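Novice: Protein chains in written order, with my numbering: chain S, 34 to 371; chain F, 34 to 371; chain E, 34 to 371.
These are calculated hints, taken from the structure and not from any lab test.
Computed from a predicted model, the values in this text were never measured in an experiment.
Heads up, a few of these hints could be off.
No copy labels: a pair is met if it fits in one copy or bridges any two.
Stated by the list, open to error - No farther apart than 25 Å at their CA atoms in a straight line, the calculated lysine to any residue pairs in the SDA-like style are these:
1) Lys122 / Tyr339
2) Lys122 / Asp138
3) Lys122 / Ile347
4) Lys122 / Trp72
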Amino acid sequence: MKKVLFATTALVFSAGIAAAEVSVGGDGRMGVVYNGDDWNFSSRIRVSFTASGTTDGGLEFGGSVRADQAIAATRGTSASVYISGAFGKLSMGDVVGAPEALFGDFYEVGYTDLSSAGGSNDIGYLTADNGGNVDCTSVTTGVSACANSGPNLLYTGTFGAFSVAASMSDGKVNGATIGGLGVPVAVGNGTVGVTDTSVTQEYAIAGAYTFGNYTVGMGYEYSNGRNQLSGTDMDVDMISLAGVGQFGNTSVKAVIAHRGQDADVDWYGIGASSVFGATTVGGYIQYAEDNNANTDVTWYGLGAEYDLGGGASIKGGIADSDVSGSDAVADLGVKFSF
Amino acid sequence: MKKVLFATTALVFSAGIAAAEVSVGGDGRMGVVYNGDDWNFSSRIRVSFTASGTTDGGLEFGGSVRADQAIAATRGTSASVYISGAFGKLSMGDVVGAPEALFGDFYEVGYTDLSSAGGSNDIGYLTADNGGNVDCTSVTTGVSACANSGPNLLYTGTFGAFSVAASMSDGKVNGATIGGLGVPVAVGNGTVGVTDTSVTQEYAIAGAYTFGNYTVGMGYEYSNGRNQLSGTDMDVDMISLAGVGQFGNTSVKAVIAHRGQDADVDWYGIGASSVFGATTVGGYIQYAEDNNANTDVTWYGLGAEYDLGGGASIKGGIADSDVSGSDAVADLGVKFSF
Amino acid sequence: MKKVLFATTALVFSAGIAAAEVSVGGDGRMGVVYNGDDWNFSSRIRVSFTASGTTDGGLEFGGSVRADQAIAATRGTSASVYISGAFGKLSMGDVVGAPEALFGDFYEVGYTDLSSAGGSNDIGYLTADNGGNVDCTSVTTGVSACANSGPNLLYTGTFGAFSVAASMSDGKVNGATIGGLGVPVAVGNGTVGVTDTSVTQEYAIAGAYTFGNYTVGMGYEYSNGRNQLSGTDMDVDMISLAGVGQFGNTSVKAVIAHRGQDADVDWYGIGASSVFGATTVGGYIQYAEDNNANTDVTWYGLGAEYDLGGGASIKGGIADSDVSGSDAVADLGVKFSF
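When you get a sec, could you build the whole thing from the sequences and use the hints?
Specialist: The structure is reproduced here in structure tokens:
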């Protein structure tokens, strides 16, 4: 997460222009992954760009995009831009929903962020999660089929001990087929001249209160989407309660949530991470019960990492669930951040 | 358009190497767009790279490419490279045709460069426009079907009050299907071993004379292309007269053009923009008459922007045409340049 | 190859963070290519990112990726990461096989690295060549059909006059269709939850000994792959002897190789390049005989370049083979490196 900031200021100001700055960063990783059957190699390197500037009136603006997402980014997804000031921060693009903006997810397990058959360290927020798709499927099938339209709008603001967030989509998606041959396909509404079809409308609000080392918060999310597999429209809402506490070197996060309307799902999760010098250990356990389908699933992850300094660390983990037929997955590798 | 120039010179020269420099820039935008039916969100962030260097003999060279075009850029489209000196500048890649190089287009209306059913602020040059495709279709159908082969070659030079430009394609395109699943597909001739088929040959010349605040110019363009929808070959040429004048804070541009040979189209357009302190207003109106099809179309755009300083501005606009069944489009948003 | 190193150190250390650095570089080219029938334009610009850092314990790490390969790079191909120290260097991703890591290829002919019907300046190593695909086809058909799974692992180390290298794949590839619509499709094993199928296992070792201006070496490679065109599995191994010598301004490289087991191919090649001030001339000739198919092929390339300084050079070449029906190819253009 350590970004390299280029020493551009001197040169830019010598030209008398108060231009915005671009920083180049990224991350890399290499190691081995056990997928339930075999140990395989897995490596990755990603480059990201972060731009920021300030208007004459003191508003801040900027954006970010990863090099591997740059194609889709021209259509309004997989990247975001923002403008901020005393009023808070307004972001548009591939942003998270309001509750996720305030509460986040659990500790990432493993150097590849392992996900097991039941789920991952992601908390199952309803809106603007999963790379722009609304997750309005049964938590036990693992099929995510409700396409969000993107770009979405996210507002966050902090006023003393209170933090608030609000997010919404514009409720439109064009008729293009979603998904593709391993290449991110930009859904991109907002393309002038395209006849849009209502597929998904979503909005969410969330609030949090911080006292000392503790934060408690609540979020409400609503989504009206079409399940693209079944072709039926469905209304889903979700209320979530979250608490975060810092106890010495240990951080604990717990979330209780319920999905209602056309869904009836109860969801509980707790995660923690502890720092011992250069070593961090963390994990999570989550449980979800689909009362309509009469099914439930429990999944967990456990991992550790050792900071080598200079932006490098060794990280490994294991994740599993009680989904029948699924195996535990594990990994061990080196991570770099630039 | 303010590019961030990195302070690389000191480090590079301390190593005794006169290497070329790379600057990273880009632009971002966020706002709402009315597409004739709905207001939708629309956001985008783009990163661009500009390289430049100087040979020992004083020739300058370089190139530019946007991150979102980097894949196609390896095949010779969607990016360009150049070499320049006292003789002028020679560019190859995704370059504009000769008249567009000298006369440009009209003022961009709206933060998303709105285009209505009839057209946009683009002047309807024949060659090397529209992202590498030759626009050899009826202006009233809106279908652009003549594939240019790319890369193209563009020469520009300025000698005192005279500016000249010349451009040409190499007239070959391989047999690959043009277009694709929302992903830019490199047409890429010049791939050794591929049996090329003649599809499009184009060339253009243009000249301009500047006196005080006024510039007048003329361009001639020729294209021999295959309309890929009808499968027929067609010869089209175009002669254009352009005039640009600066009257105080107001800049006015007017273009008269005629397309002949297998086409018979008359084209008139006028655009203007005025700067009042931090505010700029601008617009255009264009008219085209297809004498073969006995159809005509008029379209216009009107917009304004307010410079917030630091590379950010608020910009909005409206565009419409008299094409029956088409609606006015509009937008309002924030633009950033890095 | 001259990379631009950004002056990031001062700013980064002023923040008290020893973060890794990212440098941005690239290359551009423009010119004309004769493909056996026509002279065509050909231009390209590529941007590359190189990251590097050092852990507190003195290990070095980093990686590199080209902007045009950034999409596939997220799946573990077309890019690489490494960690190195006194033990040597361990790289993962789109790495070359062990013999190629020590012996390299022949001099690149022409500004586009011309390849004729028989081959190119590439030496026909068995493993981890050709962009991640194992080349386990007959050298005379030109069809490369054995898919390697990627990412691969490469170890290189130098101990006094001895250099050693070892490389291997993890032998798994998922069931995804390989290839695509002109877009690099990530084969990407290591994706958790995907049922992998054994398609290719490969490993290689190589060693070299340097005395004065001479280096001699030997490599052994083994590949167990499925020919995806015929659907049959095949075992191929290859033993190669290489010698490199520097005689004044001239560098000469020669390779003798034999492919055995399910293949029976003899392979000879010699290449040389000489530097006269700013001018470099070079070329190669290679011969391969497929004893199973009773076919043979000879191909060669010859080129020259003139260094303009500042990272620019003029380069041209010609390549041909004795494959019946194939024509000589040639090019001439300008190359830039950033």
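Novice: Against this structure, judge whether each hint is valid.
Specialist: Taking the hints in turn, this is what the structure says about them:
no. : hint            : verdict
1   : Lys122 / Tyr339 : between (34 Å within a copy, 21 Å between copies)
2   : Lys122 / Asp138 : within (20 Å within a copy, 35 Å between copies)
3   : Lys122 / Ile347 : between (35 Å within a copy, 17 Å between copies)
4   : Lys122 / Trp72  : between (44 Å within a copy, 22 Å between copies)
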